[in-house]
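Line order of the protein sequences matches chains L and X. FYI, the numbering for the first sequence is 93 to 286, going by our numbering. FYI, the numbering for the second sequence is 257 to 1039, going by our numbering.
Not one of these hints is a red herring.
To be clear about the criterion: a stretch of chain L counts as covered by chain X if any three or more of its residues have a C-beta under 8 Å from a C-beta of chain X, and this derived list gives those stretches:
no., stretch
1, 108-118
2, 178-192
3, 206-218
4, 251-262
5, 267-275
Think about it this way: if two alpha-carbon atoms lie no more than 27 Å apart in a straight line, the pair counts; the simulated DSS-like pairs of lysine-lysine are:
no., chain 1, residue 1, chain 2, residue 2
6, L, K119, X, K844
7, X, K579, L, K197
8, X, K326, L, K166
9, X, K627, L, K197
Just so you know, these hints were derived from the structure itself, not from any lab. We put the CB at the ideal spot given by N, CA and C, even for glycine.
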Amino acid sequence: MSHTLYTVSPGLLDVSIREALRYLNIKSPDEALLSLTMDCIDEAKSIASLKAVYIKSGVTVENDIVRLDFMEMKSAKLAAFLNGCNEAYVFAATIGMRADMLVNKYLKTEASRGVIFNAACVALEEAFCDRLNGYLLGVDSSTRRFSPGYGDLSLEYQREILAYLDAERKIGVSLTDGCLMVPTKTVTAIVGIK
Amino acid sequence: MNILEKLKTDFVIFDGGMGTLLQERGLKPGQSPEEWNITNSEIITSIHKSYFEAGANVVTTNTFGANPLKMDNVEEVVFAAVRNAKRAVYKEGQYVALDIGPTGKLLKPLGDLDFNDAVNAFGVTVRAGDKAGCDLIIIETMNDPYEMKAAILAAKENSSLPIFATFVLDEGGKTMTGCDIASMVAMLESLGVSALGVNCSLGADKLKEFVPEIIANASVPVIVNPNAGIPCIHDGKTCFDSTPDDFYIHMMDIAKMGARVLGGCCGTTPEHIRRVAQGLEGYEPKAIEKKSFTVVSSYSKACIFDKKAVLIGERINPTGKSKFKAALRENNMDYIISEAVGQEECGADMLDVNVGLPEIDEVDFLTRAVKEIQSVSTLPLQIDTSDPKALESAMRIYNGKPLVNSVNGKEESMSAVLPLVKKYGGAVIALTLDEGGIPDTAEGRYKIAEKIVKRAEAYGIDRRDIIVDPLCLTVSSDKNAPRVTLDSIKLIKDGLKVKVSLGISNVSFGLPNRDYITSTFFSFALKDGLDAVIMNPYSTEMMKIYYAYNALMGIDENCAEYINFASDKKTETVAADTGITLEKAIIKGLKNDAKNITKQLILTTPPLEIVNNCIIPALDTVGEAYEKGASFLPQLLMSAETANVAFDIIKENIKKDESSNKGDIIIATVKGDIHDIGKNIVKVILQNYGYTVHDLGKDVSPETIVEYARKTGIKLVGLSALMTTTVPSMEKTINQLKSFDSSIKIMVGGAVLTPEYAEMIKADKYAKDAMEAVRYAKYIYNN
Chain L
93 MSHTLYTVSP
103 GLLDVSIREA
113 LRYLNIKSPD
123 EALLSLTMDC
133 IDEAKSIASL
143 KAVYIKSGVT
153 VENDIVRLDF
163 MEMKSAKLAA
173 FLNGCNEAYV
183 FAATIGMRAD
193 MLVNKYLKTE
203 ASRGVIFNAA
213 CVALEEAFCD
223 RLNGYLLGVD
233 SSTRRFSPGY
243 GDLSLEYQRE
253 ILAYLDAERK
263 IGVSLTDGCL
273 MVPTKTVTAI
283 VGIK
Chain X
257 MNILEKLKTD
267 FVIFDGGMGT
277 LLQERGLKPG
287 QSPEEWNITN
297 SEIITSIHKS
307 YFEAGANVVT
317 TNTFGANPLK
327 MDNVEEVVFA
337 AVRNAKRAVY
347 KEGQYVALDI
357 GPTGKLLKPL
367 GDLDFNDAVN
377 AFGVTVRAGD
387 KAGCDLIIIE
397 TMNDPYEMKA
407 AILAAKENSS
417 LPIFATFVLD
427 EGGKTMTGCD
437 IASMVAMLES
447 LGVSALGVNC
457 SLGADKLKEF
467 VPEIIANASV
477 PVIVNPNAGI
487 PCIHDGKTCF
497 DSTPDDFYIH
507 MMDIAKMGAR
517 VLGGCCGTTP
527 EHIRRVAQGL
537 EGYEPKAIEK
547 KSFTVVSSYS
557 KACIFDKKAV
567 LIGERINPTG
577 KSKFKAALRE
587 NNMDYIISEA
597 VGQEECGADM
607 LDVNVGLPEI
617 DEVDFLTRAV
627 KEIQSVSTLP
637 LQIDTSDPKA
647 LESAMRIYNG
657 KPLVNSVNGK
667 EESMSAVLPL
677 VKKYGGAVIA
687 LTLDEGGIPD
697 TAEGRYKIAE
707 KIVKRAEAYG
717 IDRRDIIVDP
727 LCLTVSSDKN
737 APRVTLDSIK
747 LIKDGLKVKV
757 SLGISNVSFG
767 LPNRDYITST
777 FFSFALKDGL
787 DAVIMNPYST
797 EMMKIYYAYN
807 ALMGIDENCA
817 EYINFASDKK
827 TETVAADTGI
837 TLEKAIIKGL
847 KNDAKNITKQ
857 LILTTPPLEI
867 VNNCIIPALD
877 TVGEAYEKGA
887 SFLPQLLMSA
897 ETANVAFDII
907 KENIKKDESS
917 NKGDIIIATV
927 KGDIHDIGKN
937 IVKVILQNYG
947 YTVHDLGKDV
957 SPETIVEYAR
967 KTGIKLVGLS
977 ALMTTTVPSM
987 EKTINQLKSF
997 DSSIKIMVGG
1007 AVLTPEYAEM
1017 IKADKYAKDA
1027 MEAVRYAKYI
1037 YNN
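Only chain L is shown next, with the shape it has when bound in the complex (with noise of 0.2 Å):
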């Protein structure tokens, strides 16, 4: 047991435009807000810095109780999410600080493309998150995971699984006093092993 790097470069993903608009709410975009959102995904791209760091670990699941080989979760909707599974992998998965640093230029200075700009980083995130998934299962299954804050898993547990992950040193995650993820386009998970 221990713990593995994952990276790609962002030039490989497949970043969905309707995913970053999903985000906002938008169902018909013209064509401005089109080009605009895509030109942003290409800049999201461009300053990324795209890296995970996952294990795998052994799960018992009693009751609404979820054992991994290093900590113990209480959440009925991830011990749905994992039955049958003996195996799982956690990983945080992270596309960097610079997104974030944009992120809060760009809403001071221009809101507009800040708010554009923050959903081509999160559609950015999601599909890293993606890739890693079928890298891990070797299929595509960006539905087969599971994180801290979802339904009744707490985000408190993001601490433990952080810590347990080396995250800061290994891919440079950090934790708030109010338990946010920093870069906070960051996502951790359960993934489980069928």
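Let chain L serve as the given structure and place chain X on it in line with the hints.
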């Protein structure tokens, strides 16, 4: 012989990894390696000893995570760790380095750790290590130059031990926060470290690529402590793909490039270090070349004073600008931010920051202005103040190596400013005036420049960090003044071998069309060797001279920059009259049209009429469409930005007694929450509707908000929180505000809130989006 003496003539070999060796001896992932200093001290000592036996000159204590933000017993851990390391020393020439790693928290504004809190946290570790008897301090694995600066300041303030500093680079040769090698080196050297370099993250083969660039920028010994390649899994165990032999080959290349301090990081073992130590035996280290170029930096970019003159934007300065003065009095950072971004877009290389106004608290304002500008601009800053307290406060929190404006030949100035430059690192503009005033000859100015340079050198400030400004007086009051300035440039450059800068705009003071005079003088000064200029980047005349001069002098390769500049100018034509109305322009988000139409309208229509009859109705239309789902957030914001363009023109034309302010509103993201996208959106829209928004930022404590409400008497507060974890902090803020003054109205918003939740925490209003916030403000202020 102490470590610094050895470093002068010889290689210094550091130890290798600790973590992997501890894991081999039973440390579990997630367990604190530092606790082993106390519980398994023999193991720790034996690992240190094996490194000394392998040929290392320096071992680093097992204190990577020993800071008060991660543990309570820092002193105990550090004492034990130093003792363990010292026990391994068995002969002369073996040293113990206090190891300092990152705090594990990210600094503001990206994270929630305050800069000075970080300095204090590192201070605890440094004091313990110093007391325990370390020989040097190594600050390592730093991803963020800002945290690095905090650690170095803590080391300087709490110890006099030599400081070694290494940072982490990614495959692109930058730190996680986008800092390049030249800026990192500039900052570290100016803070006075004894050696600097890189560690961790990459193997020796990859890190090797970046070593020449580090050496080309550094005047102090360079450290390279790579990983043993990339971790991989073999038989279920983590291994590193670089064998001792492999590592040795690359490390020898690195030594030949000129690195002076060599060791290892994650995955390297005593065997790796042994191979390096054996390889270096009898090998002469390359001499370290002292660099003479002048450089300043931001958190990501370095600005080297080279062939092309450095353009320092002068616009962030209230002198003669009533709008700026008003912004300062109103605590309005947006004005400063837009000046910063505007000047950067026009081609400035650096920005001068001056917020001196008698009625404001300059210490506080300058510090905040520097932080704010650094959150939107990557340009290095020139901190411009005559108040040493404000200077110190701003230099301390500046992220990078700043330029200080200024010191002069007066005793009082030199003894106040130069020690600050030495402590916090920086370059400084030296004005050629002293107690006797400004000499009217070039020789007189030369003498003052020489005095300042000598004095700076006595403080240990390198002469390349002194940039002399021989002063430029007004030609309309003294026809010989420009000649004396030009003569001074040549004399000072030749005689003192320092860089020369000018605050150039002064030359044309009192004359019409000042740009004609200023830019012509600029071209003369360039020809006489001017290295930097404080100027107005919005002035086409000035930029024309700059680009044309560079092209003509052969320092603009293929005239590329000139072509870019000049072609840009050609296409800058005013949009044809398309018959579009201001309302339409705002609804469609057409900024240029809005600007042109407003300029026309203002000639015939009273300003407030334009606001009420054109702008507000247009915003209402967009707002309605947004609420119905017919248009979307980015479009709403684009319209808001367009309306802002029109507002800016209108504000210039509003008479003093005609206020366009519909009411004051405080907004903030609550303590513990660093997401402020929602809050910023609400702010933009509220401003559009004519409200004066006092934005206190993100992660704001209840006390700060109450204090601000008390100071200003504002009765409407908007609070934002994105995460469930920070809602309690919102509740606390509401409690405190209400108990301070129950008539204050509070509206709340944010992803996790609901009307029910808002009611539960006793907010007056839940606003689901920016438009609803506007409606509530209208209701409260009855407009």
